[in-house]
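Listed below are the residues making up each chain.
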Amino acid sequence: MSTVETWRSLLASEDLNADEVVTHVRVRDVELPLGAGTAALITLDNGFDHTKPNTFGPRGLLKLNDALDQVAARGDLAAVAVTGKPFIFAVGADLKGVPAITDREQAALIGRLGHEVFRRLGELPVPSFAFVNGAAMGGGVEIALHCAYRTVSSGVPAVALPECFLGLVPGWGGTYLLPNLIGAEKALKVIIDNPLAQNRMLKGAQAYELGIADAMFEPADFLEESLLWAARVLTGEVTVDRPEADRGAAWDQAVANARFAVEGKLHGGAPAPYRALDLVAAAKSASRDEGFAAEDDALADLIMSDELRAGLYAFDLTQKRAKRPAGAPDKSLARPVTKVGVVGAGLMAGQLALLFARRLEVPVVMTDLDQGRLDKGVAYAHGEIGKLLAKGRVSADKAGRLKSLISGSLSKEAFADADFVIEAVFEEMSVKQKVFAEVEAVVGPECVLATNTSSLSVSEMASRLRHPERVVGFHFFNPVAVLPLLEVVRAERTDDATLATAFAVGKQLKKSCVLVRDAPAFVVNRLLTRFLGEVLTAVDEGTPLEVADRSVASLGLPMSPFLLLQLVGPAVALHVAETLHEAFPGRYQVSARLRDFVASGRPGVYAPDLSIDPAAAELFSGGDRPSTEEEVRQRAVEAVAQEIRIMLDEGVVTAPEDIDLCMILGAGWPFHLGGVTPYLDRTGVAEKVTGGRFLDPGVASLP
Amino acid sequence: MPRIARDVVFVDGVRTPFGKAGPKGVYAETRADDLVVRAIRELMRRNPALPPERVDEVSVAATTQSGDQGLTIGRSAAVLAGLPKSVPGFAIDRMCAGAMTAVTTTASGIAFGAYDVVIAGGVEHMGRHPMGEGVDPNPRFLAEKLVDPSALVMGMTAENLHDRFPQITKERADAYAVRSQEKYAAARAAGRISPDLVPTAVRSAEKGYGLATADEPPRPGTTLEDLAPLKTPFRVHGNVTAGNAAGLNDGATACLLAAEDVAAELGLNARMRLVDFAFAGVEPEVMGVGPVPATEKLLARNSLTMDEIGLIEINEAFAVQVLAFLEHFKIADTDPRVNPWGGAIAVGHPLASSGVRLMNQLSRLFEERPDVRYGLTTMCVGMGMGGTVLWENTTYEGAK
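Residue numbers (our numbering), protein chains in the order written: chain V, 1 to 703; chain B, 1 to 400.
Here chain V stands alone, though its shape is the one from the complex (with noise of 0.2 Å):
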């Protein structure tokens, strides 16, 4: 039985993917330009628009299969083409099924499925055309590469095989199709760097330029120009040039490369890309058979994965529960903010009256008590948007507008009329308890305030202002303007109407809330300071600094402990795990190692070309109780563990959802960990540590 039959018979019998939302296929002759022929138009809508794109699911794909039934039978075409709705082509996979996959057969048949029905497109008798008119992502850029020729519009946001950044591999064709058509170091690009980078998208040209289409035409009159081009193609007025793949030692250079640049990032902590470093190195030589048939086989591995499940898990988390935070408000109670005051004129004042500035779109003053100071901080402000003209990300007008908005004051009466004052002065609780006083004989009743506090109380902040319900925490993450994550504090008397407030702005910073409980370090910083204070403790104790660093490696975090270190900047983070210490001394150390460091005044260990600076390895030296590389990451992960599960107990966010999506958004934790828990479930370090899960089974893992 084929693939497509068994589709049809599992459709049949079970309620398999009832929820898919099925991409459409209409198919429509088009009388070619140039007396080339009649052409069957294939037309990819799922009849919702732009917002919900056209996805594969397992009834759409048996709709393609008809349609090409339905054209294979014709013997009057001189040719096929495939587009898609407007503004969209199609985004891959309809992944909304996985989850409930329990066997690797049925697995299989997933890949089975895309490769039956779309490769009967480079197979037809006739020539085949895509006309990327949109974006195309994951099985929709394959569905093209099975085509013959491919035309993309100047104007499509995003090309992209995803698949790596989710836990999978391009296996309906792209490891085999791409690499033959656009060489392997190019298709490496696109199919392992750019998903680990971000999940980095290309545009139209880029895509272009990258040969994976052959021709490129404007966005007004795309699918007409792609048709004459079609047409030209056909009647041999046009002849299609592609530079041949080199087979030669540069495709296994080329994996080579990226396998080094892989192993650098993950440390074989995510199975997937380097099964499409596989696929890749052996489609140099493979069949088109053998190409696929491996797919299929990587697919069904890759989907009976827990890394896949926790990666499919933390996807959801970043486009479902950042947009729509758990707690948070009616958004209905948000006041309108049209001025934004900033308290202090450092770098991360600075960095928010810029980020207010470009997002609000509202005057933004900054205040500080020395007029050098401020006129500093006002033109750091100034020169980063400067910076962003040159850059061309935004227009002269638009960066004259956002200079005007953002101005300094020594006197804080500039924020009589602002409904929204951030401070962003030195980390004491004195100096905020009389910054916010001050502000708060200025403004009205109803004027946020809050504090970009890491560490420091909000509710004892507030406790001494006449209206202490005005109060939230707005805790950014550095660099403020690329991090996406922002924790939202609640402290004990915050008011409904001010934490609507705070998630309202949040949103139009562009940034995703999690509410947190007003608790020592909120999440992310709990988290971080406590894995790597057991970290700098193996290291007290004697462990090397080298094997130290690299014990959590195989997790495959964006950092090594001691290169975070660096970043955060060593004296940072030993006020934080000193105000950790306070709260919760049994748990979190001060590493002597680290105090002694911080006092050295060095930067970090590192040197600028990563090698470990010797005089900084040699003031984290010493001890006699060295652990091996496997024991402190026990011990670390260990401590997450036992760390979240008092987080939960206490409150601190309202579900283990939240701690995950703070990790991802604000520490960078990778999609194949879910962010933690995931992986501390799967470990059984969560069962060890706590004598439970975090998450049910299934959730993030295999059920």
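Simulated from the structure, these hints should not be mistaken for lab results. Careful, some of the hints might be misleading.
Partial list, computed: chain V residues near chain B (C-beta under 7 Å) [claimed, not checked]: (1) ARG26; (2) ARG28; (3) VAL30; (4) GLU31; (5) PRO33; (6) LEU41; (7) THR83; (8) ASP221; (9) LEU223; (10) GLU224; (11) LEU227.
Beyond 10 Å from chain B on every Cβ pair, some chain V residues (computed) [to be verified]: (12) LYS391; (13) VAL568; (14) VAL598.
The beta carbon of each residue, even a glycine, is placed where N, CA and C say it ideally should be.
Dock chain B against chain V, hints included.
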């Protein structure tokens, strides 16, 4: 400073295939502005010698100027077509003579020296914008008997024309209509229609994307017997039927005009030269007779007689209106100078776009007929008007 009027030439013109208006028409789910944008882009593509920034104006006509035909469509179409933002544009309206007026207005600007090169055209999506959409006639029209109640219904004005010219019978009108279909079919078969057409993408939620490559309205093979029994919706026992009138249609046109010296400088081919134009008003209830006084005025001013006109492209809103024109100028119903490739009865009449279709076709005819010096494009206009443009063939080699 004394001014010298400059000669204006018609360089090139294109149009989308015309479609039938309504939910079953080929453009039912396609926007009007997309149609005219496609025409403008193709016009630019066909004339690569013209630097886009040299276009000084984009004038696009539409009778209904709201929705996708609103937003001062000449300008919005210019932006959507990807012309430089420095190129201005405007919308213009004289109902059926919209595109014709876009041409005469911008050509006047060229002659005056204010423009060097312009794009003029029109669009009407009568499916998305039915005739009379949103109109609110002043009650004084009827209260003070300024116009007859029939004046606002074009089919009724055509019936009125049969009253004024009783010798124009329904049979004559039907015979004229059959010939229009025949002439169009012959011209199409000879490959004379498609060079002006811009294949245009269409989309339907049900059928997916498609490509309009040919006019949808023509009914080749129409016979007198087919037409005889058709209903006369505008008057019981009347004369005007769907068969001897243009239908309700969707389509867009665009043409390129330039000062003759600028065309030469840029290496643009001048197909015909604008000699003069005239518009004239008539009683709105017999608007179909409008081309007569407009043409009389034009010929008199240029000291020409109808005998000196070698080709006439007259819009066929109604057969009776063409026949009234021919009667007046004592031209035979079958005179080969008149609409040699058929007219709007066959090809369709998307109101404001048609003027440029007439010009496209005349310019192609001129290319085939170097023995003809002068040609007319003329049309009747709602609210009682006619417009006529006199053109000179740039390939004229002298009478043979």
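For each hint, the structure was consulted:
A least Cβ separation of about 3 Å between ARG26/V and chain B falls short of the 7 Å threshold, and the interface hint therefore holds. Annotation: ARG28/V was flagged as interfacial toward chain B, and the flag holds, the nearest CB pair being 5 Å apart, inside 7 Å. Because the closest C-beta pair between VAL30/V and chain B is about 4 Å apart, less than 7 Å, the hint holds. Given hint, GLU31/V at the interface with chain B, holds; its Cβ is 5 Å from that chain's nearest Cβ, closer than 7 Å.
For the restraint placing PRO33/V at the interface with chain B, the shortest Cβ-Cβ distance is roughly 6 Å, inside the 7 Å limit, so the hint holds. For LEU41/V, the suggested interface contact is upheld, since its CB lies about 6 Å from the closest CB of chain B, less than 7 Å. Interface restraint check: THR83/V against chain B, minimum CB-CB distance 6 Å, threshold 7 Å, status holds. Interface hint status for ASP221/V: upheld, as the beta-carbon distance to the closest one in chain B is roughly 5 Å, under 7 Å.
Residue-level restraint check for LEU223/V holds (minimum Cβ-Cβ distance to chain B is 4 Å; threshold 7 Å). For GLU224/V, the suggested interface contact is upheld, since its CB lies about 5 Å from the closest CB of chain B, less than 7 Å. Hint status for LEU227/V: holds, given a least beta-carbon distance of 6 Å to chain B, under 7 Å. Non-interface status of LYS391/V relative to chain B is upheld: no Cβ of that chain comes within 10 Å, the nearest being about 22 Å off.
Its beta-carbon lying about 47 Å from the closest one in chain B, VAL568/V satisfies the requirement of being farther than 10 Å from that chain. Remark: the non-interface label on VAL598/V is consistent with the geometry, its nearest Cβ contact in chain B lying 56 Å away (cut-off 10 Å).
Comparing the model with each numbered hint stated earlier shows that all of them hold.
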